[in-house]
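Going down the list, the protein sequences come from chains L and D.
Residues in the first sequence are numbered from 1 upward in steps of one, following this note's numbering.
Residues in the second sequence are numbered from 1 upward in steps of one, following this note's numbering.
Don't take each hint at face value.
One copy or two, either will do: identical chains are not told apart, so a pair holds if it fits within one copy or between any two.
What the hints assert, rightly or not - In silico lysine to aspartate or glutamate, DMTMM-like type, Cα no more than 20 Å apart, as pairs:
(1) K308 <-> D400
(2) K391 <-> D178
(3) K132 <-> D404
(4) K99 <-> D188
(5) K99 <-> E155
(6) K93 <-> E323
Bear in mind the hints are in silico, worked out from the structure with no lab data behind them.
Number of protein chains: 2
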Amino acid sequence: MQPKFSYLTDLQGSRGGERYSSDVPRNLASDGSPLFARYDLDGVRSAVSPKEISQRPPTLWRYHELLPVQDPAFVRGFGEGMTPLLDLPRLGKAIGVPKLKVKDEAPLPTGSFKARGAAVGVARAAELGITKLAMPTNGNAGSAWAAYCAQYGIEATIIMPLDAPAITRSECALAGADVMLIDGLISDAGRVVGQLTASGAVFDASTLKEPYRVEGKKTMGMEIVEQLGWHVPDVIVYPTGGGVGLIGIYKALLELQELGWIGSTLPRLVSVQADGCDPIVRAFNAGEVEVAGQDDTHTVAFGINVPKPLGGRAVLEAVRATEGTAISVSDRDILRFIGRCAADEGMMFCPEGAATLVAVEALRDSGWIGEGEEVVVLNTGAGNKYPDAVKVELPTIARDAVLDTV
Amino acid sequence: MQPKFSYLTDLQGSRGGERYSSDVPRNLASDGSPLFARYDLDGVRSAVSPKEISQRPPTLWRYHELLPVQDPAFVRGFGEGMTPLLDLPRLGKAIGVPKLKVKDEAPLPTGSFKARGAAVGVARAAELGITKLAMPTNGNAGSAWAAYCAQYGIEATIIMPLDAPAITRSECALAGADVMLIDGLISDAGRVVGQLTASGAVFDASTLKEPYRVEGKKTMGMEIVEQLGWHVPDVIVYPTGGGVGLIGIYKALLELQELGWIGSTLPRLVSVQADGCDPIVRAFNAGEVEVAGQDDTHTVAFGINVPKPLGGRAVLEAVRATEGTAISVSDRDILRFIGRCAADEGMMFCPEGAATLVAVEALRDSGWIGEGEEVVVLNTGAGNKYPDAVKVELPTIARDAVLDTV
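Turn these sequences into a full structure, and let the hints guide you.
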């Protein structure tokens, strides 16, 4: 049989399990839960092997059989994916986790992991004939979706909080998106997007209200496994706002397991939140299945200031099913670890990425992480997109200065 | 014979041609000209083929036979290199160059091509036992060298103009460098570095005052050739400040030619400068061999505000030997093309990168570039490191806004 480019079969409601055709644009299942893409995994297993995948060009499209785009002509993008998996030997040793590694998402287009979701989400939207979409964002998702929408000729309306990183405004506007700043949080932006898209003339591309963004993000999990030689680490630590990254990694692991490309043991998944916005951690600690919204949230890690994540239920499932955990960290520690990682390793993490390092230190101190365990943290974006996160004071010298030398 | 990791043989003065041992740290040749690394290219040809290189991991270290680091234990870094070579179909068509491509250096560590020079320069410095270095920078080179110095445990002193992009200050300081801001230009910073390093206790890592940074940058040229299937484009267009990138690309092309991996025709190399700082363009137009310094220079493309480039002579040689040219562009056009490229292609170029697009349009208009020619421009860094380059005005809406919908 002729191998197919994608083995997508249909969509499935994440709560009730009912199936929907994937041939037309869709948002949520009829019960209001997110839809997940399903694949003919037997077909994938017959069509391709891990070894063949490893010889393909270094972009996330190397996993095309497990992605929803049907026609390779809709694969464009900017060379996204196969970001480095790097050792953090000095920092790891200092916090008692010598096998600490980072999956560094800074090199992606527009400087964050959001490019993965946008690359796949926008390509699939174009393939399904969508010409207008709208979305709320804390900044980086907007930057990424605006860039890909410009490439595919899709009109994008993007609503972001006034407090979102300033550079993300320019990125969205220059890419031709219709951008509005809202004097509120991403949840307020989401409400306005709901209103804008209610008539159906504009597609609602909000997190988990469209089914394909998570497919792009699952490639983080696939790359980690491939880069470790088709082997899983002991622990994966993820900064959680909307939660799609963690949900995507979990989905990847389950698909790889069903394919027989990894064994029966999964890594323990850790959801990290800021203590100023930790609805998932609260629900986890309370033993809840659903995540309740939180009021007056705030954190320097702006990307994870999501007071009511639609994917909260799926995050809790992933964490519990893998015997993982959820933990909140303080802004003070986040800022401290940005500096510590830069000084020890030469890498300037974004605040969200630094939150994972704080969590690893705490979980090692409590014994939850063992000394010999292999731990992968996600640095979800480029620290240099946050010029105001950490202040430095530097000496100034005159143009004709003469310095004392050694 | 056992293949070697590097086929470096020695260093050669770029003016007089005399040879120096590469086993100890060195700055300039005795006549004050830059030193270039030389290799046993016959040895390289016997040891490895382009096809073998193409199967190596996607970092610049895949060219290790042609890089100066002798011991693979000194290869660390952050997964740098093999940046995407992307088509710019819509912009290319609009300016009459349908085969327009960009080598996008934004994904590199610290967000610019400077990481290539730092990756190789710092690794080689560590291998040669250097423990302290100093350098002047317009910002991005400092960010890159500070990051790699942190990784290798080398103490760095970095002097940058007050006007350098603000984020680069934080990147240098957080990585533990000793940073000073000077109320002047990079040439003033260079003078102070010269004074700091005069005693020999601190190594002077200024552009072309150490011989290995250019070796890292030459990998841009190697990647372009490899990504085109070991074939050269018609034209390569480079934004020129210190000029090391263009010199490196030319050096790569000559080495690949001597290896027999490319044919006898080289791409025409174009040096692009801003009209507020264009000493190389002036020297080119005047038929000079040396580049005279310029006063009171200014441009929004801060990375190429280099009033007296030490490598000017080598840039002129490269441009003339390849039947290339040199051209200056206005700040106004640079800013215009940042917006145009973002809207057409979804890519936010840095100002220096956008300068190359302005040049391509002008050279196509004048007929110097033909319609069917394959033209590669270099986007030397991430546009999102320059939040103030382009201003956008955006509407603000209230938290409880109700919008008119379609």
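Verification of the supplied hints:
Proximity of K308 to D400 under the C-alpha cut-off of 20 Å is restricted to the inter-copy arrangement: shortest distance 17 Å between copies versus 56 Å within a copy. In this assembly of identical chains, the alpha carbons of K391 and D178 lie at most 20 Å apart only when taken from different copies (15 Å versus 32 Å within one copy). In this homomeric assembly, K132 and D404 come within 20 Å of each other (Cα to Cα) only across copies, at 16 Å, whereas the closest approach inside a single copy is 62 Å. In this assembly of identical chains, K99 and D188 lie within 20 Å of each other by CA distance neither inside one copy nor across copies; the values are 41 Å within and 44 Å between.
In the homo-oligomer, the alpha carbons of K99 and E155 never lie at most 20 Å apart, since the shortest distance is 45 Å inside one protomer and 26 Å across protomers. For the homomeric pair K93 and E323, neither the shortest alpha-carbon distance inside one copy (25 Å) nor that between copies (54 Å) is at most 20 Å.
In terms of the numbered hints stated before, the structure departs from hints 4, 5, 6, listed from lowest to highest.
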